[in-house]
Amino acid sequence: MKKNLSYMDSVHRDGRIWNISVMIILFLFPISVGLIYHALPDWHGFLLGLIATAPMYWAVAVVETLTYVPMLGAGGSYLSFVTGNISNLKLPVALNALEQAEVKASSEEGEIVSTIAIAVSSIVTTLIIVLGVALITPLTPVLNAPVLAPAFAQMLPALFGGLGVVFISKNWKIAVAPVLLMLVLFIFVPALNAGTVGIMVPVGVLFTMGVSRLMYKRGLI
Amino acid sequence: MEFNVNSPVLFLIAGLIIAVVLAQSVWFLVKAWRRGIEIGMGRDKLRRIASTAAVFTVAPAVAIVISVITLAKDLGLPLPWLRLSVVGSLSYETIAATNAESAMGLTFGQVSALTATQYVTIASVMTLSIMVGIWLVPLIGKKLQNGMISLENRDKKWGNIFSASMFIGMISAFVGYVFCDFGTVFSGNTAGLVPPLVMAVSALVMCLAGLAVKKLRWRWIADYALPISLIAGMAGAIPITAWLG
Chain A
0 MKKNLSYMDS VHRDGRIWNI SVMIILFLFP ISVGLIYHAL PDWHGFLLGL
50 IATAPMYWAV AVVETLTYVP MLGAGGSYLS FVTGNISNLK LPVALNALEQ
100 AEVKASSEEG EIVSTIAIAV SSIVTTLIIV LGVALITPLT PVLNAPVLAP
150 AFAQMLPALF GGLGVVFISK NWKIAVAPVL LMLVLFIFVP ALNAGTVGIM
200 VPVGVLFTMG VSRLMYKRGL I
Chain B
0 MEFNVNSPVL FLIAGLIIAV VLAQSVWFLV KAWRRGIEIG MGRDKLRRIA
50 STAAVFTVAP AVAIVISVIT LAKDLGLPLP WLRLSVVGSL SYETIAATNA
100 ESAMGLTFGQ VSALTATQYV TIASVMTLSI MVGIWLVPLI GKKLQNGMIS
150 LENRDKKWGN IFSASMFIGM ISAFVGYVFC DFGTVFSGNT AGLVPPLVMA
200 VSALVMCLAG LAVKKLRWRW IADYALPISL IAGMAGAIPI TAWLG
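Chains as they are written, first to last, in numbering that gives the first Met the number 0: chain A, 0 to 220; chain B, 0 to 244.
It should be emphasised that the hints constitute simulated quantities derived from the structure, not laboratory data.
As the structure is a prediction and not an experimental result, all values here were calculated from the model.
DSSO-like mimics (lysine-lysine), calculated; alpha carbons at most 27 Å apart, straight line: (1) B:155 <-> A:103; (2) A:103 <-> B:30; (3) A:169 <-> B:214; (4) A:216 <-> A:169; (5) B:30 <-> B:141; (6) A:103 <-> B:213; (7) B:155 <-> A:216; (8) B:214 <-> B:44; (9) B:155 <-> A:169; (10) B:155 <-> B:44; (11) B:44 <-> A:103; (12) A:103 <-> A:172; (13) B:156 <-> A:172; (14) B:156 <-> A:169.
These stretches of chain B come out as covered by chain A in the derived footprint (C-beta under 8 Å, 3 or more residues): (15) 23-35; (16) 52-66; (17) 84-93; (18) 106-119; (19) 130-142; (20) 163-171; (21) 184-196.
For each residue, glycine too, the CB sits at the ideal point set by N, CA and C.
Same shape as in the complex, but just chain A (with noise of 0.2 Å):
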């Protein structure tokens, strides 16, 4: 007897089904262009470059998975882990409609908004990325005209003041004591960078998560 999915339960048959897929799809440019051009990868360089670069982004992955499924709903996950870009667009554009929707990622609307926001941004993403592709020997020396180099080095801050605003005044109390620490972290931690935030946003989740326990027990929010 076929058994009726609740539209949660589709969403994660049809995730796991196409990122499995997409998975398998993406080995295929290395393993086709291979192929095609009869060549091996140069075995001793490629476990170099992996050893160099995997174990890191590895467990990035992980704690990326854990911190941004809660945040970006079933669907938003899956288009999410896929089509990339999460902390710098994805994130934004799921937290930027849920708040205009007034709706929680976990609940059922939640869900809904969250995935067609990453959905749109996700096409319009590669779409643009198609044009510039197709349009780079006229739009290079455009883009990469030095007076607007500093607009587009400076894009996170731009992001993050606009949507930091709506969230830490919403949530000031809750705000104050993660805020002040990675101010702290990164303005005298060195090694704190560009390269590090990603590492840093788990710390900042679980730090606001136990900073919040303890207020709510004690009845200050």
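Following the hints, complete the assembly by docking chain B onto the known chain A.
Below, chain B without anything else, positioned relative to chain A:
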């Protein structure tokens, strides 16, 4: 066949993979849209969510195109096009490409022509090193989601605080990152002030948008406040950088 990093066949393979990923986005969009209509969310509300997301995406997507151009100097266009349309981000792809190239004795940014072997090696390292998220979400995503729902069912107030804490924790890390070069100000280098000032411009514009919604009842601004503050911050970065850094 002689290998070339910009060979049409590489464009074809990359294009086909990107088309599959695009289809996934369309699939989930249609599915969520239909369900939204079914549960009475209303077409107008869904359209507003979609149009805000689309407008907001433009500036970051242009920044991604710049990343494609940066990586294309070494790797040709098809591989960066694929990597930045699927899974990746500039910081990751640059580090992965740099590590793979240096493992073969090459220097990132100074590669004139790659062999097929070098190209396959770099593409394999870039692909394999970032695969975890794609299979881990199908493995534990449902459990995480259900955990969140049961936590909220047990204690609704704590559930709300828990959700807010996750967002605040993430935002606080990025607020800290904005100040990571601030220490240089103490040694007389004002460039470290640029990111905090850009963030302040963006925050100010967001506050003004909030005021316009409350006092002038310009409700349409609420939908576009984040993209407006993003563009204002980025535009503000040009004179601020010229002034300080």
